[in-house]
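In the order they appear, the protein sequences are chains A and B. Residue numbering for the first sequence follows the working numbering, starting at 193 and increasing by one per position. Residue numbering for the second sequence follows the working numbering, starting at 72 and increasing by one per position.
Calculated from the structure, these hints are not laboratory results. Check the hints yourself; a few may be wrong.
[To be verified] Examples of chain B residues toward chain A, derived with CB under 8 Å:
(1) Phe87
(2) Gly188
(3) Lys189
(4) Val331
(5) Met335
(6) Cys336
(7) Arg383
(8) Phe387
(9) Val391
(10) Tyr393
[Said to hold, decoys possible] Here are some of the chain A residues that sit facing chain B, going by a computed Cβ distance under 8 Å:
(11) Ile200
(12) Val445
(13) Gly518
(14) Ile520
(15) Ile521
(16) Gly528
(17) Ser559
(18) Ile562
(19) Arg563
(20) Gly565
(21) Pro572
(22) Tyr578
(23) Gly604
(24) Tyr608
(25) Thr609
Beta carbons are placed, not taken as given, at the ideal position from N, Cα and C, and that holds for glycine.
Now for the letters of each chain:
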Amino acid sequence: MNLKTFKIGGIHPPENKISAGNPIVAVELPKRVTIPLSQHIGAPAVPVVKKGDRVKVGTLIGRGEAFISANIHSSVSGTVFSVDTITDLAGFQSNVVTIDVEGDEWEESIINRSEVIREITATPEEIVAAIKEAGIVGMGGACFPTHVKYMIPNGKKADTLIINGVECEPYLTADHRLMLEHAEEILVGVDIMRRALKSERAVIGIEANKPDAIEKMTKVASTFSGIVVQPLQMKYPQGAEKQLIKAIANREVPSGKLPLDVGCVVDNVGTALAIYEAVQKHKPLFERVVTVTGKRLEKPSNFLVRTGVSVEYLIEKCGGIPEGTGKIISGGPMMGKAVVRTDIPVVKGTSGVLLLDESESRRKPQSNCIRCGKCVSVCPMGLEPYLIEKLSEKSRWAELEEINAADCIECGSCSYTCPSALPLLDMIRLAKANVMRIRRERAKK
Amino acid sequence: MNKYIVSLSPHEKGTFTTSKIMYGVCIALAPALISALYNFGIRALAVIVVALVSCIGTEFLIQKFLLKCEVTAFDGSAAVTGLLLAFNLPSSIPLWQVVVGSLVAIGVAKMVFGGLGKNPFNPALVGRGFMLMSFPVTMTSWPDPVANGFMTWDAVTAATPLNLIKSGAVDKLPELWQLFFGNVGGSLGETSAIAIILGGIYLIYKKIITWHIPFFFLATIFVFTGILWLVNPDAYVNPLYHILSGGVMLGGFFMLTDMVTSPMCVKGQILFAVGAGIICTCIRIWGAYPEGCMFSILIMNAFVPLIDKYIRPKRFGSEVNYVG
Numbered sequence: 193m194n195l196k197t198f199k200i201g202g203i204h205p206p207e208n209k210i211s212a213g214n215p216i217v218a219v220e221l222p223k224r225v226t227i228p229l230s231q232h233i234g235a236p237a238v239p240v241v242k243k244g245d246r247v248k249v250g251t252l253i254g255r256g257e258a259f260i261s262a263n264i265h266s267s268v269s270g271t272v273f274s275v276d277t278i279t280d281l282a283g284f285q286s287n288v289v290t291i292d293v294e295g296d297e298w299e300e301s302i303i304n305r306s307e308v309i310r311e312i313t314a315t316p317e318e319i320v321a322a323i324k325e326a327g328i329v330g331m332g333g334a335c336f337p338t339h340v341k342y343m344i345p346n347g348k349k350a351d352t353l354i355i356n357g358v359e360c361e362p363y364l365t366a367d368h369r370l371m372l373e374h375a376e377e378i379l380v381g382v383d384i385m386r387r388a389l390k391s392e393r394a395v396i397g398i399e400a401n402k403p404d405a406i407e408k409m410t411k412v413a414s415t416f417s418g419i420v421v422q423p424l425q426m427k428y429p430q431g432a433e434k435q436l437i438k439a440i441a442n443r444e445v446p447s448g449k450l451p452l453d454v455g456c457v458v459d460n461v462g463t464a465l466a467i468y469e470a471v472q473k474h475k476p477l478f479e480r481v482v483t484v485t486g487k488r489l490e491k492p493s494n495f496l497v498r499t500g501v502s503v504e505y506l507i508e509k510c511g512g513i514p515e516g517t518g519k520i521i522s523g524g525p526m527m528g529k530a531v532v533r534t535d536i537p538v539v540k541g542t543s544g545v546l547l548l549d550e551s552e553s554r555r556k557p558q559s560n561c562i563r564c565g566k567c568v569s570v571c572p573m574g575l576e577p578y579l580i581e582k583l584s585e586k587s588r589w590a591e592l593e594e595i596n597a598a599d600c601i602e603c604g605s606c607s608y609t610c611p612s613a614l615p616l617l618d619m620i621r622l623a624k625a626n627v628m629r630i631r632r633e634r635a636k637k
Numbered sequence: 072m073n074k075y076i077v078s079l080s081p082h083e084k085g086t087f088t089t090s091k092i093m094y095g096v097c098i099a100l101a102p103a104l105i106s107a108l109y110n111f112g113i114r115a116l117a118v119i120v121v122a123l124v125s126c127i128g129t130e131f132l133i134q135k136f137l138l139k140c141e142v143t144a145f146d147g148s149a150a151v152t153g154l155l156l157a158f159n160l161p162s163s164i165p166l167w168q169v170v171v172g173s174l175v176a177i178g179v180a181k182m183v184f185g186g187l188g189k190n191p192f193n194p195a196l197v198g199r200g201f202m203l204m205s206f207p208v209t210m211t212s213w214p215d216p217v218a219n220g221f222m223t224w225d226a227v228t229a230a231t232p233l234n235l236i237k238s239g240a241v242d243k244l245p246e247l248w249q250l251f252f253g254n255v256g257g258s259l260g261e262t263s264a265i266a267i268i269l270g271g272i273y274l275i276y277k278k279i280i281t282w283h284i285p286f287f288f289l290a291t292i293f294v295f296t297g298i299l300w301l302v303n304p305d306a307y308v309n310p311l312y313h314i315l316s317g318g319v320m321l322g323g324f325f326m327l328t329d330m331v332t333s334p335m336c337v338k339g340q341i342l343f344a345v346g347a348g349i350i351c352t353c354i355r356i357w358g359a360y361p362e363g364c365m366f367s368i369l370i371m372n373a374f375v376p377l378i379d380k381y382i383r384p385k386r387f388g389s390e391v392n393y394v395g
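Chain A with its partners taken away, still in its complex shape (with noise of 0.2 Å):
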């Protein structure tokens, strides 16, 4: 196998793969569902409904009417109970559908059928105007909405497609276990996606630990053109944006400018699955699978889950949460958000749970820079965490500025490695936040 990676940075976190062999699992419906109507960067979706209102699996409940911003549709059928605001994850207030559960009965437009649709009859336009009607983001995590990214200004191209299959944090397998059980669809996909940019290749990028994926992928590939599936050498961050682009196309996307500006567009295979069921069966993105993991749990599991069910619903199906739980995550230990509460809803961008030991849960002590240079070894960006933290302690933004903090992709490999425990990467953010700001007031003046 011929593996590529990126060359600068990057570190090698124990897998901890342990749901690998689940098979993905339709997690019973709860009573009620909460669908927040902000899943997404950009503005929250604005409400057309209210408490009373009879809905359907598929039912628009919240419009995307910003420039950036996306559809919320409901993912059960019942009736509406409330649309008020709750306190998210993260803490913060945010807008909810509340809705209570009666049967699962689907739009009728929706083509509610397991067989796969190969044929693509849809134009480009009519497929970007889809994936705007179905309210798909980017499922990787950072929840973009597609339909933006697929807008391709005058004057660029993207003359290559990259599809992440990468899953590069420990403990997520949702990916894994979706290229595997449906990799047809995730090609049609695909196919969909290269014909609304107009791109000449696709390539899919799957890191070489998973190696039944790529055989899988790579049989199912050959029976469409221009899409080639491409075995990447295990590093972390390899799933990272930029890092895939230079990995898989060997180009480098410089500091401030996206992927598109290097004529690449990337995107996850769960969102070239939801693509291909919104192109092919009419249905908006209200499920996703979701790794549901920790040493500790009893079912390590991955379900497939509507928007709006509760992580501690879904924690319950998996043997509860085990004695000696110390923290519990959103996503994977390297970028995850640890929870204030677990009575939380699984939204599109939710690609996990892990639920870790009280033992692994805490800060180590921290100690001197020993100015080993290790964190500067390992930032796949090239920056240097010693520096950063030392300015930002200082507040000295201007240099902050200067020696492109900006560009932190916020992927923890510095922290992880400092032998001192240093927290290098709170004060890069805190550094990237006033970076911003000092930009922001300059370009009002």
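Given the structure of chain A, go ahead and fit chain B onto it with the hints provided.
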């Protein structure tokens, strides 16, 4: 509802710690330790033990009683300084002078600047430099490993290979293989090249250091002395003698690579190593001292902030290789 820990990502931690690095260096120094005991006997053991106790003790006393701050004296860094200081001394050094050197190495070169990670100069070499200035006679008397037995306390001294090179008495130089294995005069840790190299390989294998600094340091010395030797083989010795004699092996693998006092990125480290190699050779060939390694390292330590400021790592996105 249960209480859970909430902190910012990343939520995982690698296993590489400061203590592991420090004790890794101590393990890497084990072959050199065995070579020192074998060649210089019980007197060497005394010097090493006194240096270790004095270095760790100085740091402990200063932290506990003077600064009244957290005691980190047992994290391994003072032990490394103690070993390296001992390895830079002749086995006949009076033990009280070892204590003085340790006080300077830890107290002045390290603690005054703020402790671990804050010192600009290599502490063991500052200690050695102070001892050379203060005790010039005892610091330049080198026991002869061949003439003395293991239990000898008052050793018979002889000229070291570097002394012989400096004075031009090249016909009395030991064989290259003797320099490689260490059966020659010199400081405790510098005589056996093979012991140092084994330790160096261990450090590289454990990813405590990378190969660049030792390689470029030794290669620079080799090339520079090699050019001189090719130009005038009568006036200069074979470059292999320079590589295998004196402290350049110990310096290249253990002193120049000290993380705190070396540059942060690879390009800077290469420049640092080449600079040290040039200065070391100049002192050896044209300077007053037979050995230039210690001074070259201390001088290059002074340049590290400048190197870090102007030589930066390669930034992602800095090479433009796509035109849309």
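For each hint, the structure was consulted:
1. Satisfaction of the interface hint for Phe87(B) is found here, the shortest Cβ-Cβ separation to chain A being roughly 5 Å, below the 8 Å cut-off.
2. Checking Gly188(B) against chain A: minimum C-beta separation of about 4 Å stays under 8 Å; hint holds.
3. Because the beta carbon of Lys189(B) sits about 7 Å from the nearest beta carbon in chain A, less than 8 Å, this interface hint is met.
4. This hint holds: Val331(B) has a C-beta 5 Å from the nearest C-beta of chain A, less than the 8 Å allowed.
5. About 4 Å separates the beta-carbon of Met335(B) from the nearest beta-carbon of chain A, less than 8 Å, and the hint is met.
6. Taken as an interface hint, Cys336(B) checks out: its beta carbon lies about 5 Å from the nearest beta carbon of chain A, inside 8 Å.
7. The beta carbon of Arg383(B) comes within 7 Å of a beta carbon in chain A, closer than 8 Å, and the hint placing it at the interface holds.
8. The interface hint given for Phe387(B) holds, since its Cβ lies 4 Å from the closest Cβ of chain A, which is under the 8 Å cut-off.
9. With 8 Å as the threshold, the beta carbon of Val391(B) comes within range of chain A, its nearest partner Cβ sitting at about 7 Å, so the hint holds.
10. With its C-beta approaching chain A no nearer than about 4 Å, Tyr393(B) sits inside the 8 Å limit, and its interface hint holds.
11. Checking Ile200(A) against chain B: minimum C-beta separation of about 5 Å stays under 8 Å; hint holds.
12. Using the Cβ-Cβ criterion of 8 Å, the hint placing Val445(A) at the interface with chain B is satisfied: the shortest such distance is roughly 6 Å.
13. Among the interface hints, the one on Gly518(A) holds; its C-beta lies about 5 Å from the nearest C-beta in chain B, closer than the 8 Å criterion.
14. At a threshold of 8 Å, the smallest CB-CB gap from Ile520(A) to chain B is about 6 Å, leaving the interface hint in force.
15. Annotation: interface hint on Ile521(A) holds; nearest CB of chain B at approximately 6 Å, less than 8 Å.
16. Annotation: interface hint on Gly528(A) holds; nearest CB of chain B at approximately 6 Å, less than 8 Å.
17. Checking Ser559(A) against chain B by beta carbon gives a least distance of about 6 Å; that is within 8 Å, so the hint holds.
18. Look at Ile562(A): its Cβ gets to within about 5 Å of chain B, closer than 8 Å, so that hint holds up.
19. The closest approach between the C-beta of Arg563(A) and any C-beta of chain B is roughly 5 Å, which is under the 8 Å cut-off, so the hint is satisfied.
20. Because the beta carbon of Gly565(A) sits about 4 Å from the nearest beta carbon in chain B, less than 8 Å, this interface hint is met.
21. Because the smallest distance between the Cβ of Pro572(A) and any Cβ of chain B comes to about 7 Å, under 8 Å, the interface hint for this residue holds.
22. For Tyr578(A), the suggested interface contact is upheld, since its CB lies about 7 Å from the closest CB of chain B, less than 8 Å.
23. Nearest Cβ of chain B to the Cβ of Gly604(A): about 3 Å, under the 8 Å cut. The hint holds.
24. Contact between Tyr608(A) and chain B, as hinted, is supported at the beta carbon level, the nearest pair being about 5 Å apart and thus within 8 Å.
25. Because the closest C-beta pair between Thr609(A) and chain B is about 5 Å apart, less than 8 Å, the hint holds.
Of the numbered hints given earlier, the model fails none.
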